[in-house]
Amino acid sequence: MVLPERESPVGKKVSFFVTCIMDMIYPDTGMSVVEILEYLGVVVDFPETQTCCGQPGFNSGYRDEAKQVATQFLRAFKDAEVIVTASGSCGAMVRHEYPALFADDPQWSAAANRAAAITWDLTEFIVDGLGITDLKLRLPQPKTFAFHDACHGLRLLKLGGAARTLVNHIENATVMELKDCDVCCGFGGLFSVKMAEVSNAMLTKKIEQINACPAETIITGDVSCLTQMNGGLSRQKSAKRVVHVADVLAEGLKGKRDGDSIK
Amino acid sequence: MEIQSNNFVSLSAIAIRNSEMQKAVSKGTRNGYDKRLAAMFAYGEEHGEAMRQQAAEAKRRALRQLPELLEMAEANMQANGIHVLWALDADEANRQVMDIIKRHEVKRVAKGKSMATEEIGLNHVLETNGIDVVETDLGEYIIQLNHEPPSHIVAPVIHKTKEEIRDIFIEKLNMPPTDDAAEMVAFARKKLRDIFLSADLGVSGGNFIIAETGTLCLVENEANGRMCTTMPRVHVAVVGIEKMVENFEDYATLTQVLPRSSTGQHMTVYTSMINGPKRPGDADGPEHVYVILLDNGRSDIYATKYAEALACIRCGACQNACPVYRSTGGHAYGWVYGGPIGAVLTPLFVGLDKAKPLPQASSLCGSCKQVCPVDIDLPRMLLDLRHDTIQQGLGDTLWNLGIKSWAWGNSSPRLFEMGGMAARLGQGVIGQNLPAPLGEWTKFRDFPSFAPKSFRQLWRERQKAQAQS
Numbered sequence: 001m002v003l004p005e006r007e008s009p010v011g012k013k014v015s016f017f018v019t020c021i022m023d024m025i026y027p028d029t030g031m032s033v034v035e036i037l038e039y040l041g042v043v044v045d046f047p048e049t050q051t052c053c054g055q056p057g058f059n060s061g062y063r064d065e066a067k068q069v070a071t072q073f074l075r076a077f078k079d080a081e082v083i084v085t086a087s088g089s090c091g092a093m094v095r096h097e098y099p100a101l102f103a104d105d106p107q108w109s110a111a112a113n114r115a116a117a118i119t120w121d122l123t124e125f126i127v128d129g130l131g132i133t134d135l136k137l138r139l140p141q142p143k144t145f146a147f148h149d150a151c152h153g154l155r156l157l158k159l160g161g162a163a164r165t166l167v168n169h170i171e172n173a174t175v176m177e178l179k180d181c182d183v184c185c186g187f188g189g190l191f192s193v194k195m196a197e198v199s200n201a202m203l204t205k206k207i208e209q210i211n212a213c214p215a216e217t218i219i220t221g222d223v224s225c226l227t228q229m230n231g232g233l234s235r236q237k238s239a240k241r242v243v244h245v246a247d248v249l250a251e252g253l254k255g256k257r258d259g260d261s262i263k
Numbered sequence: 264m265e266i267q268s269n270n271f272v273s274l275s276a277i278a279i280r281n282s283e284m285q286k287a288v289s290k291g292t293r294n295g296y297d298k299r300l301a302a303m304f305a306y307g308e309e310h311g312e313a314m315r316q317q318a319a320e321a322k323r324r325a326l327r328q329l330p331e332l333l334e335m336a337e338a339n340m341q342a343n344g345i346h347v348l349w350a351l352d353a354d355e356a357n358r359q360v361m362d363i364i365k366r367h368e369v370k371r372v373a374k375g376k377s378m379a380t381e382e383i384g385l386n387h388v389l390e391t392n393g394i395d396v397v398e399t400d401l402g403e404y405i406i407q408l409n410h411e412p413p414s415h416i417v418a419p420v421i422h423k424t425k426e427e428i429r430d431i432f433i434e435k436l437n438m439p440p441t442d443d444a445a446e447m448v449a450f451a452r453k454k455l456r457d458i459f460l461s462a463d464l465g466v467s468g469g470n471f472i473i474a475e476t477g478t479l480c481l482v483e484n485e486a487n488g489r490m491c492t493t494m495p496r497v498h499v500a501v502v503g504i505e506k507m508v509e510n511f512e513d514y515a516t517l518t519q520v521l522p523r524s525s526t527g528q529h530m531t532v533y534t535s536m537i538n539g540p541k542r543p544g545d546a547d548g549p550e551h552v553y554v555i556l557l558d559n560g561r562s563d564i565y566a567t568k569y570a571e572a573l574a575c576i577r578c579g580a581c582q583n584a585c586p587v588y589r590s591t592g593g594h595a596y597g598w599v600y601g602g603p604i605g606a607v608l609t610p611l612f613v614g615l616d617k618a619k620p621l622p623q624a625s626s627l628c629g630s631c632k633q634v635c636p637v638d639i640d641l642p643r644m645l646l647d648l649r650h651d652t653i654q655q656g657l658g659d660t661l662w663n664l665g666i667k668s669w670a671w672g673n674s675s676p677r678l679f680e681m682g683g684m685a686a687r688l689g690q691g692v693i694g695q696n697l698p699a700p701l702g703e704w705t706k707f708r709d710f711p712s713f714a715p716k717s718f719r720q721l722w723r724e725r726q727k728a729q730a731q732s
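As they're listed, the protein sequences go chains A and X.
Using our numbering, read the first sequence as starting at 1 and increasing by one per residue.
Using our numbering, read the second sequence as starting at 264 and increasing by one per residue.
Excised from the complex, chain X in its bound form (with noise of 0.2 Å):
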C-alpha cells in the first residue's frame, strides 16, 4: 500500500467536506463509544477499570519476555500440527503464502478479516499472481468490491452510509434494489456461502497466541472467520509477533476486554481457538494449518521506548473516541492504521520522515489512553514522537524560528512584558486577524482582543493602591 501519511493536512480537508462520510463515521464511532462505555462498566466503574488494568498488566508481562514467549507457542504449535513460519518483513511474510499457495494447488482464496495481511498487503500479491481472492468479512467485502482499504480497525468500512454500500451492492453485483438492510445482508450472504465452498485455502489473523499451549484464537461476529478456518483445505494465519499471551488465564482476561472495548459485546458471537488440523475422526477442520509469525518492523519497535504500543490489541476503541478521528476518517492518515494508535504506529512502521504530519494530528486531549482496554499512554508516545521529529531536523524551519524566540521571549520577565505589549500594539495595527502562521487560527474564528492592561499591571496597581490606602 502507498505511503499517503504525509498527505495527512490535504487528505483530512478532503474528508472534512464529504458530507456523506461525516454522517457515517460520525455514526458509527460514537455507536462505538457508547456501546463499549456500557459493555465496559456493566458491572460498575471500579470493575471495568480492574478488568483494564489486568488486561494491560497480561499485555504488558507478554512484552516482557517475549522472546520466550514465541519460542513456547512455536514448540507447541508445532507439537499440536501446526507448521510455524517466520516472517521478518512483508516479502517475505507473502512469499511465504504464496509458496503455500503452490505446494498446495490454490486457485480461490477466502479471507477473514486481517489487519496484519493489510500491512503486507497480500491481496495485492495474490491478485497479481493470478489467485483469486475473496474477502469474506462483510465490511472487507465491501470496501474489496469498491477497491478501497478499511478505514477503521474493527469496521472497516465505517466511512460509508448504508446507501452507498446499497449503491455498491447494485453496481457490482447487480443486486436488486433495496433499501432494506437485512435483504442487502442476505445478498451478500449468499454470494460468500459459495466462496466458502469453493475456496481451498483460508487466510485469517490472530488476535492472540497462547503460548503455554500453541492455541491460535480468533474473535468475530460473522462467522467468516470460523468458515476460512475450517472449511477450505488449507488454513494460513498471518499473525504480528506481538500477539503472544502467556497463558490461558490472560487470554481469558484479554478475551474479556477486547469485545468490550471494540464492539461493546460481553463477548463476541464467535470465538474460536485452533489448536491444530483436522485429526483423524474429526468431522471438519483443515488438512493443514500454517502459522506465519510477522515481524515487519515489530522487532525494531520493540527496541524502543514505543515498545509499549505492541501492547495494542487491535479493538479500535481509541478510534471512536478520537475527536480527531470522528472529524476525519481513517482513510486520511495515509496507511493502513488510523486513529491516534495509527498517528503512534505509522511512523515507527513506516518512518517518521513518511509520516511527519501523523504525530502532529492530535489535540492530545487523552481519551485514547483513557478508552485503551490495555492502557497504551498514546498521548505521551505523540509528544514523544514529536520531539523526535525536531531532534531528527524534521521541523518547519519557520516552527523552528518561531519557538526559538517564543523562548528567547519567555526567558526573561522584561522581555515578556514588552512581548505583551507588542502584541496589544500590534492587534491595534492589523487588527483582529492573526499573521502568518498564526492566521489560519483566525480563518475559522474571531481572536479576541487584547486586554488595555495585562494582569501584572492590575496587580501593581493594586499593590500600590493599597500601599497607599
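Only chain A is shown next, with the shape it has when bound in the complex (with noise of 0.2 Å):
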C-alpha cells in the first residue's frame, strides 16, 4: 500500500490530534507539541471533538466498531487545513488504513482519503513540511539520547531519521546507538494484553537492550509503546526511561540563549 502524496504544509493552520492515550496519560506531551509549533509560528487548534482514530477496534477485527470511532475522528477534522499527531501508529491508522477502510462508503470515502493526505507526524511535519532541521535548540543540561524507532512510525509512515535529525541539532544533545532500535518492544495494542506472556517476552528483550545502551534516556515517537517500555522498566526497577521526542525538543526551548532564533 502506497501512502497519499501530500501537499506542502507551509503557511498552513495545523489541527492539533492529540491521540486518546496522550489526551488521558500524557497531557503535558501534547502542550510540548503545541508549544514546539508555535516557536516554529505555525497557528495551532484543537478541534474539541476529537476522540480516539480508531485503531483498537481496527487492528483486533472490529471494522464496523473502528469505522464508527474513525467517523468521529472524521468529523472532528473536517475542517482541518493540516492535522498534525505525535504517535505513529495513529498516524499510521490515519494515513495508512483510513482510505481502504472508508473505500465502499460515499458518505465518507472522500474524507477518508483527504485526512490520510492531510496528516503528518510532528517530526516529518518540521523536517520534510516545513524543511527545517535545525530548530536552534539548547538543553539546560547535556543530556546523552538513544531512539527506538516505535514501528508504524518508522514502517508505515516512513518516518526514518527526522526524528534524530531534529535531536541531534539540539545543543547539549548527544545522540547514541540503541541496539536493536529498530525491533518492536512488543505492545502492539492489544496483543499485549491478548498474548501478554509473549509481548512480556519481547519487552524483556528490549528491556535488556536499554539497560545495556549508555545513554541516559531512550527517545521514541509513539506513547503506547512508550507507556509499554516504561511500564516494563518500572516494574524490573531501572532507572532508565523513555521520553517522548516532543518533550525533548520542548526542553530545548528552555535552554535556548537569547538571540538563537528560529524565525
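These are calculated hints, taken from the structure and not from any lab test.
Some clues are possibly wrong.
As the list claims (entries may be wrong) - A few chain A residues that face chain X, going by a derived Cβ cut-off under 10 Å, partial list only:
| no. | residue |
| --- | --- |
| 1 | V18 |
| 2 | V43 |
| 3 | G54 |
| 4 | A66 |
| 5 | T71 |
| 6 | E97 |
| 7 | L156 |
| 8 | R164 |
| 9 | N168 |
| 10 | E171 |
| 11 | N172 |
| 12 | T174 |
| 13 | M202 |
| 14 | T227 |
| 15 | G232 |
To be verified - Derived Cβ-Cβ restraints for the label pairs, each shown as a range:
| no. | chain 1 | residue 1 | chain 2 | residue 2 | range |
| --- | --- | --- | --- | --- | --- |
| 16 | A | Q236 | X | Y533 | 41 to 49 Å |
| 17 | X | I266 | A | H169 | 48 to 56 Å |
| 18 | A | D28 | X | N484 | 52 to 60 Å |
| 19 | X | R280 | A | A110 | 50 to 58 Å |
Just so we're clear, the structure is a prediction, and the values are computed from it rather than from any experiment.
Backbone N, C-alpha and C fix where the C-beta goes; we use that ideal spot for every residue, glycine too.
Starting from the two chains in their separate frames, assemble the complex, guided by the hints.
As C-alpha cells, then:
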C-alpha cells in the first residue's frame, strides 16, 4: 500500500490530533507539541470533538466499530487544513488505513482520503513539511539519548531519520545507538493483553538492550510504545526511562540563549 | 500432524520458559537475520530492494497465470520423461507415493528436506506401511531421531542447542562423546552415507518448477538433496502447485533472492535443475522420476484475497525477523508452518476455527513484510484474518462487548471525556492494576497514572487565559 501524496503544509493552520492516550495520560507531552509548533510560528488549533482514531477496534478485526470511531475523527477534523499528531501508530491508522477502511463508503470516503493526505507526524512535519532540520534548541544541561524506532512510524509512515535529525541539532544533546532500535517493544495494542506473556518476552529483550545502552534516556515517537517500555522498566526497577521526542524538543526551548531564533 | 494451533497461548508460555530453546532460537534467528541483511544488500540498498521487487513481480506474474503454467509445466515435464501426478489433498498424495513404492518394490526411502511432505504427513504414512524412511537433511535427521516436527522452514532444528543435539546423537546413535561440531557432523555424515547407498527411492520437495522447460529446481547446502535425487533408482518430488515460475529469467531472479533471504548466501552450495530420469549414456541418475503436484487447499486460497500468500518461496526470513517467533519458536504455532507466514497460512490451510489465536500472534510490527523477498503483505493479511474472525462469529464474547462499548464511548466527545474522568476516578479506587481482561497487562508492567487534567482540559484553560490577557 502506498501512502497518499501530500501538499506542502507551509503557511497552513495546523489542527492537532492529540490521540486518546496522550490526552488522558500524557497531556504535558501534548502541550510540548503545541509549544514547539507555536515556536515555529505555526497557528495551532485543537478540534475539541476529537476522540480516538479507531485503531484498537481496527487492529482487533472489529471494522464496523473502528469505522464508527473513525467517523468521529473525520467529523472533528472536517475543516482541518493540516493535521499533526505525535504518535506513530495513530498517524499510521489515519494515513495508512483510513482510505481502505472507507473505500466502500460513499458518504465518508472522500473525507477519509483527504484526512490521509493532510496528516503528518510532528517530526516529519517539521523536517519534510517545513524543511527545518535545526530548531536552534539547547538543553539546560548536557544529556545523552538513544532512539527506539516505533514500528508503525518506521515501517508504515516511513518516518526515517526526522526525529534523529532534530535531536542531533540540539545543543547539549548527544545521540547514541540503542542496539536493536528497530525491533518491536512488544506492545502491539491489544496484543499486549491477549498475548501478554509473549508481549512481555519481547519487552524483556527490549529492556535488556535499554539497560545495556550507554545513553541515559531513550527517545521514541509513540506514546503507546513508551507506556509499554516504561511500564516494564518501572516493574523491573530500572532507572532508565523512555521519553517522547516532543518533550525533548520542548526542553530544548528552555535552554535557549537569547538571540537564538528560528524565525 | 495433529493441529495444535488453538493452544498457541499455552504452547508459547512453555516455550518462553524453556531456557535452552530460548538460547538456541535467539542465536539462530539473529544469525539468519544478520546474514540476510549482509547478503541482500551487499551491492547497496537500492540493488537489494530492486531484486526484491523483481522477485515479487516474477512470483505474482506466475500466480496470475498459474492454471496455464501448470499445464505447460506438465506437458514439458512429460516431454522430458517425468511422470506427472496431481494430488488434490494429503491422502491422495500419500496414496500416490505408496503406489510408486509398491510398483518399484521399494524398501528404503531417503528423504530430502521438504515442507510439502510435512504438510501431508508422508513419513507417518510410510512408517505405518512398514517402509524405512530416513530424513537426510542434517537438521531434519536430528529431529526425526528425536520424534519432533521441524520448527523453522529452513533451519528445522533451530530450537536446539549444540549440546542438546550431541545428547540426541549419543542417546539414539551411540555416538562417541564429543563437543566438537565438526566431529558430530562427520559422524552423522557417515551414517547418512549408508542410507544414500542403500535407498531404493529418494523423496524431495521442489523450490521452483520452470514451466517453459519443465525443470524441477532445488537449492540446498548439504548435497543430501543431490544424492536423494540421483542415487536411488526412483525419485519422487512432492511440489506445491504454487511453485511454478514462468521462465528461466524469473528463476534466475528468484534463485538469487531465496538463498540471500534464508541463509544469507548469494547462492546455495548445491543448485540442482532436474530435467528428467537418467538418459542412455548418463553415468548416474534415477531410472524413474515422478513429480506430484500438490494442491491440498492451495486452489481454495488462490480464489481468495489471500492468494498473494501463495507467492511465498519458503525462505524463513519472516521467521528470523519476527520478534514473536524469536520469543516462541516455531512449535508454539501448532502446525507445519510457524512465524508470520505460518500465522497466515495455517488458518488458510486448516480453517480459522482450528487456528484462532494465530492471526492475533503478532504485534503488527511489520518486520515480516520488510524482509519478505517477494514482498508479501503479511501484516495486512493478519489484519484481514482478524476481521474474518469477527465476521465468522469467532470473536470472544468479552472482547465483542468491550470493543462495542469502546466504540460507543469514542463516538461522542462528551462520552469520551466522561470515560476519561471515570478512568481517573477508577484508578483512584482500584489502584494501578487494570481490571480484567486488561489485567493481563499489569501482570508484567506498571500502568502509568492518568493525568489529573487531560490535554483538552489544559487546552481549554490555556485558551481561556489567553482570551483574558
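Going back to the hint list, which numbers does this structure go against? 2, 8, 9, 10, 11, 12
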